[in-house]
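Q: On the provided structure of chain Y, position chains R and F as indicated by the hints.
Protein chains in written order, with our numbering: chain Y, 889 to 1140; chain R, 5 to 442; chain F, 4 to 800.
None of the hints are false.
Calculated lysine-lysine pairs in the BS3-like style (CA-CA distance at most 30 Å, straight line): (1) Lys45/R <-> Lys512/F; (2) Lys91/F <-> Lys583/F; (3) Lys418/R <-> Lys895/Y; (4) Lys895/Y <-> Lys790/F; (5) Lys1030/Y <-> Lys177/R; (6) Lys895/Y <-> Lys789/F; (7) Lys958/Y <-> Lys363/R; (8) Lys1107/Y <-> Lys363/R; (9) Lys45/R <-> Lys583/F; (10) Lys217/R <-> Lys1079/Y; (11) Lys218/R <-> Lys1079/Y; (12) Lys891/Y <-> Lys363/R; (13) Lys890/Y <-> Lys363/R; (14) Lys698/F <-> Lys1007/Y; (15) Lys1107/Y <-> Lys1126/Y; (16) Lys444/F <-> Lys19/F; (17) Lys444/F <-> Lys1030/Y; (18) Lys1030/Y <-> Lys310/F; (19) Lys1107/Y <-> Lys309/R; (20) Lys45/R <-> Lys520/F; (21) Lys7/R <-> Lys1030/Y; (22) Lys145/F <-> Lys520/F; (23) Lys217/R <-> Lys1030/Y; (24) Lys1107/Y <-> Lys418/R; (25) Lys1030/Y <-> Lys699/F; (26) Lys309/R <-> Lys895/Y; (27) Lys1030/Y <-> Lys173/R.
Since the hints were derived computationally from the structure, they do not count as laboratory data.
None of the values given here were measured: they were computed from a predicted structure.
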Amino acid sequence: MKKVIYKTENLSKSFSSGGRLQHVLKNIDLELYQGDFTVIMGASGAGKSTLLYALSGMDVPSLGTITFGKQVISDLSQDGLSVFRREHCGFVFQQIYLIDSMSVLDNVLCAGLLVCRDKKALLRRARELFQAVGVNEETQRKFPTQISGGEAQRVGIVRALINAPDILFADEPTGALNSQTGLDVLNTLTKFNEQGQSVVMVTHDMRSACRGNRILYLKDGAILGECSLGRYVHGDEKRHEKLSAFLTEMGW
Amino acid sequence: MKKRRFVFAILLIFLLEAAVVFMEGREEASQDAVAVNKIVKIVENNWESLKGHSDSSGFVSDFDYVLNRNHNGDLEPFDYVVIDDKGKVLFKTRDRLSETISQAVSHRDTILDVEQSGAAVGKVMIYNSWEENLVTRKRRAILCLLLLLLIQAVCLAGYAACLYGTLVKPFRKLEGFAERIAGGNLDIPLEMDRQNLFGAFTESFDIMRTELKKARLAEAEANAEKKELVAKLSHDIKTPVASIKAASEVGFALAESERMRENYTQIIQKADQINSLVTNLFTATLEELQELTVMPGDMESSEIKMLLENADYLHQAEIPDIPPCLVWADRLRLQQVFDNIFANSYKYADTAIQVQAEKSGGWLTVELEDAGGGMPKEEIFFIKEKFRRGSNAGAVDGAGLGLFISDYFMEAMKGTLTLENGEQGLKVRVSVPLSGGM
Amino acid sequence: MRNSLFLIRSNLRRAKGQTMAEIVLILLAAGMMNLWLMLSLDYKQNFDRWHQRLHAEHVTVCVADDSSGMRGAASEGIAGTDKRRGIKEYISQILKEDARTLEFCMDDVMCAEGRMTYNGGETVTNFVMMKKEDGQKRPVGKTELVEDSEFSEGVYLPMIYKTGDIAVGKQVELTIGNHKVSCQVCGFFNSVMAGSHNCGMCEILMTEQMYQELEEKGYAQDSTLVSVRIADKSESEAYESMLNHAISSEYPGVFYTSNSYALVSQSRYISQMICSGVVSAMAFFVLLIVLVVVSSNILNYIQENMKSLGIWKAMGYRSGQLMGMLMLQFLGVTLLAAFLGAAVSYFLFPGVNDMMVSQTGIPYEIHILPVPILITWVVLCSAVALTVWLSSRRIRRIPPIDALRQGVSNHSFSHNYVPLERTRAPLSLALSLKTTLSGVKYNLTICVTMLLLSLVLVFSGLMLENVIVDITPFLNLVVGETADTSININAGSEEEFLQEMEKDSRVEKVYLFHTQKVEHTGGAELLTNICGDFSQINNQEIVIQGRFPEFDNEMALAVKYAREQGYEIGDEIRLSLGEKEAVYLISGFTQISNNLGKDCLLTREGYERLGSLLTLSYCANLSADVKVDDFNKEISRRLEGKVNQTQNIFEIVYGTSAVYISLMTVIVSSILLLSVLIIVFVLYLLVRAMLSNKKKEYGILKALGFTTTQLVIQTAFSFMPAVILSAIAGLIVSSFIINPLTAVFLRNLGIVTCTFHIPAGFLAAAGLGMIVLAFGIACLMSLRIKKIVPRSLLMND
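The shape of chain Y in the complex, shown without the other chains (with noise of 0.2 Å):
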C-alpha cells in the first residue's frame, strides 16, 4: 500500500474575468502517492497548470480542500504557504525562473539558506545536486544569462530539490528546451524518481509522459482518466503503446 501524501476533496478553482466566473477547475478529489511520478496530462486550458499550482500551495483554491498530511494547506494564508513552500515543496518551471542578477550557486543557495541554516551541509549538498545533474564548478559562478538553456534547467531542478523537498512540482519543464536538452533534463528527473523522490509533472509532450507511473487526464478541469504504467524503463514500446492507448481513448 502506497503512503498518501496529497489529498484533494472538491478542489475547484475559479478565476473571473470581465465580471464572469471561469471555472478551472471542478471538484477535484485526487490521491497522490509518495514516490509516485505523477503526470498530469491534458490540452491547453484543461487546468493542468492550475492543478498543479493550486497542489504545491502558489495559489489557493476557492472551493474544497487539499491536506498535505495532516496539515490542510488551503486554509493557509498566503505567509503560511509561502513557508509551507518553502519546507515541502521544489519547482521547476517552464521559463526556468533563475534570478539573473545572482550567481547560479547563489540562485541555489538563496532558496536553501531558507530552511538550513547549517551553511556547511547546505553547500555539501549543493554540490552534490549540482554533481549529480552534471553542472560543474564553473557554470556555478557564471550567471543565469550566460548559461544555455539545458544548463539553467538543471540548476533549476537542483534549485528545487535544495530543501530535500517532500514532492518536486515540474511545469512542462521541457516546454522551453530543444529535444536533446530536453532530454537531458527528463532523465535528471526520473533518476531522482528512481531514488525516492514524489515527482509530479505537468506536460502535454508524450515522450515526457512517458517517464510517469500514473498519467492523470485532465479534461475541462475535472478528472478524465487515469492510467498506471508502472516503473519507467528504458526502451519499453509496450509502455508507449499502452499510453498512447489511453491518450486515444481519453480524445488526446
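A: Quick look at chains R and F alone, frame taken from chain Y:
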C-alpha cells in the same frame, strides 16, 4: 574611468604642492599693528612707573601678556625694548635685543614713539624676529614638500600596483592560457574580472576557447548521432504501425464471425445517434416546453443556500450549510424547483420544514421534509405527471403542473427529483450532479 | 509626427499616476519660482514706483529748532520763530548751493523720540509729527491717505502699523518723549521715506486740533522737516552725510535725524528679501526633485519598454526620433504644468502680498508680470529638456536585435556581490545587500535626496535652536548688544547716577553704552557705539575678527562696511564729528545689523577725541526677578531731572523678535513638511521602479517560499545603506557649511559670519528620525509586493 581618476589625483597633488609653495613663498605676514598699538599704549599709560624703576621685575608681568600672532598663526609674545628720550633702557623683555636706535634700525626693528601729553618722551623698539621665522619657515616648507612627495609616491606606487593588476597580470594569465590551448587543454577557463579594462578582451579569448571546445565536442557527437539516427527511425516507425495493427486486430476479430454485421452495427449506431438526436429535438417541441430552456453550468454550492433562503419566504425552515463543491446546475431553474417545493409545502402542510444537504458520490443532494403527514403511497408515483393533483388538494388553487415542470428541469440538469413519505411528512429529494463528474 | 503623437498619448495614458505626480511637482516648482521672481524682480521696483508716484525725496532731515548750541551771540534772545527761520535759511542756502539738488521743501513739524506698542512689542523711533493737510500738500515727499475716517481729532499712522490692535477708531497710546499720549486713530497713510520704524524717522499726521494741543503741551520740539530730491539717487548717502555734517558743524548739539534713499529702500525690504530667499531656495529644491523624478521616470520607461523600443528601432525609427518623442512628451507636460504653476502663484500671491505689505508698509497692487512667467518657463523647460536629453541617451545604445531576442538584460555583466556561499550575513540582509550594491542608480538618487534633506534639516535645527527655542543667539547676531534697560542721563550727573546704581542691589551690572553718529571722512555716516570698557558688554560676539577697541586710538568697524571700503585690521581710518577729525586704528571687525552694516565701536576716550558727550546712555543688567518697567520708573523718579529717558530694552527687543519667531516657525515647519513629502515621494518612485524592475524576481522568490514580510523588509533594507550613509555624511557636512551658508543668506543685513550654535543632539535625533522614517516609508511603499503573487508567473505564459 580609472584613467580619469588618476589624472584627477595627480592634478590634485600638483595643486596642493603649488599651494604649499605659494603659501611658503609668500611675503611674511605683516606686523600686527593692533598688538603693537597695545604695547605702545600700555607703555604710555605706565610711563611714570617705568621711569621710576628702570628694571622693575614686578613690572614685567603687566607687559608680557601682549602676544603676537606670528606667521604660523601661533601666539607668541613680543620682544621689545623701551628706552627714554636719552637712550636709557627702561625695560626689555629679554636680553640680546636691540638696545639702541641704531641697532634697532640695522635689525629692521619697529621703532615707535612713546608720547606723553603730545610730546615724544621715549621709544618702543619691537624686536623683529624675521631671522628665526625664516629658518622655521624653510624647515616647514621642506617638511611639507617631503610629505607631499611621499603622498605622491604612495599614490604612484598604488597606481603602479593597480596597473600591474589590470594590465600586466591579465596578460601574464593570457600567456599561460595560450600555452594551454596550444597544448590542447581546452577545459581550464580563463579567469576574468569583468570590471577589468581587459574584461571584454580576455572574455573573447575565453569565448574562443569554449567555441573550440564546442566544435570538438560537436564533431564527436555528430559521429555518435549518425549511428543513433538509424536506431531512432526504426523505433519511431514502429509506433503508428502498432496502432494500425491494433485497430486492424479489432476489425479482424469481428470480421472473422460476420464481416458485414460489423458494418451494419456501425450504420445502426449512427442511425441510432441520428434517431436520438431527432427524437430529442422533437420531444422538446412536442412537450410544448421549448421556451423553458435549461442552461446548466458550473456554480458554487454555496449559492444553493441562497436559493433555498430565497424560496423559503415564510421562514419555515432552517437552512443548513451546504458542503462546498462545484455543482452543475441552472441557477434560475433550480430556484424555480425550490420555489415550487416550498410553495407546495406551505399550501398543503404548512408546518416547519427540515432541510438537509449532503454530498455523496457524484451528487449533491438536498432533502426537504415537512411535518404534514405525507400523501397516499399510490399517489406518490404519479404525482409528478402532468395535470396530476393530490387527493388532498381540495379547495387549494393549483394546476397540477408544478412538480411536472420541476421534474423536467431536474432532468434537463442531469439531476433528479424524488418524492417519498418520510417519518413526519412528505420528503422531497433534489439531487444535483457535481461538476466534472460526467 | 502623427505617429509619435499617438505614441505620446499612449505613454501618457499608461503612466497616469506618474504624469500626475510630474505635473504636481512642476506646478509647485513653477509656482514657487514665479513667486520668487515676482518678489525679487517687481517688489523692489514697487518701491521706486511709489517713490515716483509720491514724488518722494531722496534725503530727509528733521532738525530741531533748538538753537542753544548755535554759535555766535546773535542767537541769544531771538524768539523761537526767528531761530527757526535761522536754521531754515541756513539749510536752504546749503541746499541751493549744492549742484546735486533738484528740488526741496521744508515744513514745520514737531519731532521727538517716541515709542508705541506694535505687534506685542515696543518700537522706538523718532516721531515726526505733522499737520495732516501739510503732509498731503507737500510738493516733495507728500503722503497719501490709504484709509480715512470722519473722526475730527486724532492721528494718522503709517500703513505698517495697521495690525489687529491698531485700526481706525481704536485708541493708540503714543509715548512722545517721556509723556504718554492717548489718541484716536483716524486713518492710515503711505509715506515712502518716513513710513516705517526702521528707517530713522516715522511720520505721524495729526489733525489741526490735535497738533496744536500737542504743540501747547510742548512734549516735542518744534522742528523743520527737510525733504530733498537729488539728481542722482545713488549719491543719496553721500548727500545725507554732507547735509548732516553741515548741520552739526553749524549747530553743534542740535537734535536732528535723517535718512536716505539707500537706507530706506534697503531696510524696508528686509523681510521681502528673506521671504524671496526662502521661496527661491524652495523653488530650486523642488526643481531639483522634478529633474530627479523626470530622469528616474525616463530610465524606468526605457527599462520597461526595452522590447518595444527595440521593435521601433527594428522598424526603422532612428534613436533621435524616439528621444524626440520622449522630449515632446515631457516638454508638453512641463509647458502645461509651468503655465498652471504660474497661474497658481497668482493665487498664492495675495496671501504673500498681505504678509509682505504688513512688513514693508507699502501697498502693492498685484498685476500680471510677463517677464517672471517667461523666465520660469524658459528655466523649467530648458532644465527638463536637458534632463530628458541626458537620461534618454541610453536609447541610442539599445541594439534592436538584442532587445528583441531577450529584452536586453542590462545586468548581464554583473558582479556577484555578497556571494551567499561565503557571506556570514543572514539571508535577508545578504540579499538586500546584493540589491543595494547592484543598484547604483537608486543609491545615487537616494544620496542626492538625503544630502539635500540633511541640509534642510540642519537649517531647520539651526533655526529651531537659535531662533524659535531661544532667540538670544539670533538677537546677538542681528541686534548686537542687548541688556535689560537703558537709561539716558545728563552728562553732569554721571557720578551721582553711578553711585546710585552701585548702591542698588537689583543692578547686576551697569556700563556705558551710548550710540552716536560720527562721520567717516570721505565715506558714509557711521553709527558708533561708545563704551567705557568693552569687556563689560553682554554680547562679546559682536566682534568677529580682531578684538574690541581698548585704547583711545582704536576702533572696531562693521565688517560689511570695511569690506566695501577695503579696510583691513591694522589699517587707519579717519573719523570726523563736526569739524574735529581724528585717526583711529582698526582693531577688529564687528557685525551688527542695526544700521545695515554701517556701525563702529569706539571707547569713551576714543570718542572724546572728537567731541564730548552731552548725555550718556547706560545699559544695565538687572536681577532676574526685577520688573524692568518698575525699575525704570523708580530711577526716573529718584533722579528726577537728571534722567532724560529710560528704555525697557528687553521688551523692545523681544517684542520685535516675535515677528521673526513666527516667520521662522512658519518657514521651518513648512520646510520640514516639504522634506517629509519629498522623502515619501522619492522613496515611492524608487520602490516603484525597483518593483517593476524586479517583479519577476520577487515572483520567483515568493514561489521559492519567501514570505511577503521577508521581501518587504529586504527591499526596505536595500535602501538603508545609502540612506544611513548619506544622512550621516549630509548632516556632518551640512553642520559645517550651514553657518557660512546662513551668512550668505543674511549678507544684506550686514552679517558676514554666523556663529550659530549647532544643536548636535537635535540633529542626531532628527537624523535618526529621518532614517527610521525612510525605513518605515520604504516598508509601507514596498507593501505592494503583497500584490505580486507567484501565480502571475504562470499566467504570463
